[in-house]
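Residue numbers (my numbering), protein chains in the order written: chain A, 6 to 412; chain B, 298 to 395.
Because the hints were derived from the structure by calculation, they are not lab data. Check before you lean on any hint, since a few could be wrong.
[Said to hold, decoys possible] Here are a few chain B residues that face chain A, going by a calculated C-beta distance under 7 Å:
hint	residue
1	Phe313
2	Asn314
3	Leu334
4	Val337
5	Glu338
6	Cys341
[To be verified] Calculated lysine to aspartate or glutamate pairs in the DMTMM-like style (CA-CA distance at most 25 Å, straight line):
hint	chain 1	residue 1	chain 2	residue 2
7	B	Lys308	A	Asp128
8	B	Lys308	A	Asp45
9	B	Lys308	A	Glu69
[What the hints assert, rightly or not] Label-pair restraints from in silico Cβ distances:
hint	chain 1	residue 1	chain 2	residue 2	range
10	B	Glu372	A	Met208	45 to 53 Å
11	B	Asp377	A	Ile124	24 to 32 Å
12	A	Asp48	B	Asp327	43 to 51 Å
Note that CB positions come from ideal geometry on N, CA and C, so glycine has one too.
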Amino acid sequence: MTAHDIAVTGLGLVTPGGPDVATTWEAVCEGRATAALDPDLGDVPVPISCRVPDFDARALLGREVWRMDRFVQLALVAAHQAVADARLDPASWDGARVAVIVGVGADSRDTVFTASRKILEHDYATISPLTIPRATTNAGAAEIGIALGAHGPSMAVTTACASGATAIGVAKDLLAAGRCDIALAGGAEAPCHPLGSVGFSQMGALSTRLHDPSAASRPFDADRDGFVLAEGAGILVLERAADARARRAPAQAYLAGYGASTDGHHYAAPHPTGLGIERAVTAALSDADLHPTDIHHVNAHGTGTPMNDRIEAATLRRIFRGRPPAVTSAKGALGHTLGAAGAIEAALAVLTLRHQTIPPTANLHRLDPEIDLDVVAKEARRTRVDALLSNSYGFGGHNAILVLKRS
Amino acid sequence: MTALYEPIKTKLAQHFNIPEDTITPDTTFDELGLDSLGKVELLCVLQDELGLRIPATDALSAGDTTFGQAVATVEAAQADGSAGEAAQHGTTAPVAGA
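Using the sequences and the accompanying hints, generate a full structural model.
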C-alpha cells in the first residue's frame, strides 16, 4: 500500500439490474440481460433501452423530486445508499470536509427537449422556471450537497462515457491533496429519451436488434452491432485509507491508481492503435506502483460497438504483452449508461475484489474471432483477483483508467 | 367553492407530491413548501395541463399568499380577456438568487 492509497468504504448503485447494489450484482453475475423494447421512446428507429426497474423516486427521496431531473434522482438515491453503506452519518460529519464529484455525459435531455418544443411552438408561458436548474450538468452534485450537507469542493465532471471514472479519479486526487476527507464520487445518466436514442442511432452507434432486444447488447460477440442506451447511477464513498482505519470503517477495496489521457484523434472513434488507452493504463499502473503482471482482471469498457471492442482488445493484448488477464464487460447485462458507466463498473470491480468473482459478459455466445482475449462468458468465474483495471473511454477521445486492489 | 378550486388543487397535489387533504383555502404557499420558483412552476402547470391563461403576475409572490387567494387570482384572469396576450410573454414572478 502507498501513502496515497484511497479506501472505498461505501457503494451505491441504481442500475437496470436493480435499484441497489445487491440486486445489481446478482443481475450482472447471472448475466441477466436487461435490454427491452421501450414504449416511452415512441416510434424512434431504435426503441430499445435498459431502464432501472422498481425505481420510485418519490418514495425514496420525498416530495422534492419534482425539482429534479431523472439523472439527479438516480444520483441522489445512489449517494444515500453509498453513505449508508459506508456507515457515515451526514448529521454528524464535518460537511466542510466532504466533497461531491458527479460525472455526467450530458445534461437532461427530457428537460431540454420539452422546453425546446415549447419554444418552437411559441408556448413560452408554460416553460418551467426550473428548466435551467434541472438541466444544468452540476445538478446531481449540487442536490447531493444540499441533501447530505456536503460543503467541501463539489462539481460535475464530464468526459462523455468516461465521466463516472473521471469523477472517481478526480476525487482520488482531491483526497490525496488533502482538500477533503470524504469524497462521494461517481456518475449518473438518464439518456433513455427520443433525443438520446435518435442522436446515437444517427451515428450508427446503437444495436438495431429489434427482433431480439434482450440480446441486443453483446460486447465482444461476433454478432454485436452496437450498444444499448441505459440509465443509472453509481456513487462510491472514498476516504484516505488511514482515515478509514481510524474510524474503523472497513475498506471494501483500495483505489490504488488513476490514469487519464486524451486520444486527440477523432471525436467519435478511438485511436486506431489504442494509443490513448495505453497511455492512460500506463499512467494508472504507475500511479498504483504496479506492473501489468500484477493485474488479474480487466473490467473492460466493452460497449458492443464493433470498432470499440476490437481496438480495446488489441490494445489490452499489447499492454499485457500478449497475455491479458480475464476480461468482462458489464454492458452486456446493463447496457451502456454513458456518463454513469465508469462509476457503476468501478463499483462492480470493487464487488469482484470482495467476492473474488468475475461476472460473465451477458449475451456473449461466439467470441469475435479477431478478439483474442479471455472474455468471461456464460457464468461467473470464481478466481483470485488481487488487483484489476476498470476501463472507461468517452467520445472526444477521453480515457480514464482506475486501478483497484483487494483490501 | 369555485369551479376551478378542485382541478387546481388536484394539479397542485399531483405535481408537487402534496397530500390533497393538507391543502385548504387558508393554506399558504410557505406551508406547502413552494418557494418563488415553485409558484411559477404551478402557474406553468396550470397553463400547460389545464389550458388556463394566466397573466404575468406577482400576485403569488408573497410567502403568506393562501391557496384560496391564488385560485381567486387565476379565476379573475380567466374572466379578463387580456390574460391570453399576457400569458404569451411568460410569467414574471420574481426569482431571487439567479
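Verification of the hints:
For phenylalanine 313/B, the suggested interface contact is upheld, since its CB lies about 6 Å from the closest CB of chain A, less than 7 Å. Because the closest C-beta pair between asparagine 314/B and chain A is about 4 Å apart, less than 7 Å, the hint holds. Look at leucine 334/B: its Cβ gets to within about 5 Å of chain A, closer than 7 Å, so that hint holds up. For the restraint placing valine 337/B at the interface with chain A, the shortest Cβ-Cβ distance is roughly 4 Å, inside the 7 Å limit, so the hint holds.
The restraint placing glutamate 338/B at the interface with chain A holds, with a minimum CB-CB distance near 6 Å, inside the 7 Å limit. About 5 Å separates the beta-carbon of cysteine 341/B from the nearest beta-carbon of chain A, less than 7 Å, and the hint is met. Distance restraint check for lysine 308/B and aspartate 128/A: the Cα-Cα separation of roughly 19 Å lies within the 25 Å cut-off, and the hinted pair is therefore satisfied. Restraint check for lysine 308/B and aspartate 45/A: the C-alpha separation of about 23 Å stays at or below 25 Å, so the hint holds.
Distance hint between lysine 308/B and glutamate 69/A is fulfilled; the C-alpha atoms sit about 15 Å from each other, no more than 25 Å. Our hint of 45 to 53 Å for glutamate 372/B and methionine 208/A holds, since their Cβ atoms are close to 50 Å apart. For aspartate 377/B and isoleucine 124/A, the hinted distance range of 24 to 32 Å is satisfied, since their beta carbons lie about 26 Å from each other. Distance hint for aspartate 48/A and aspartate 327/B: a CB-CB separation of about 44 Å, consistent with the stated range 43 to 51 Å.
When the structure is compared with the earlier hints, no violation turns up for any of them.
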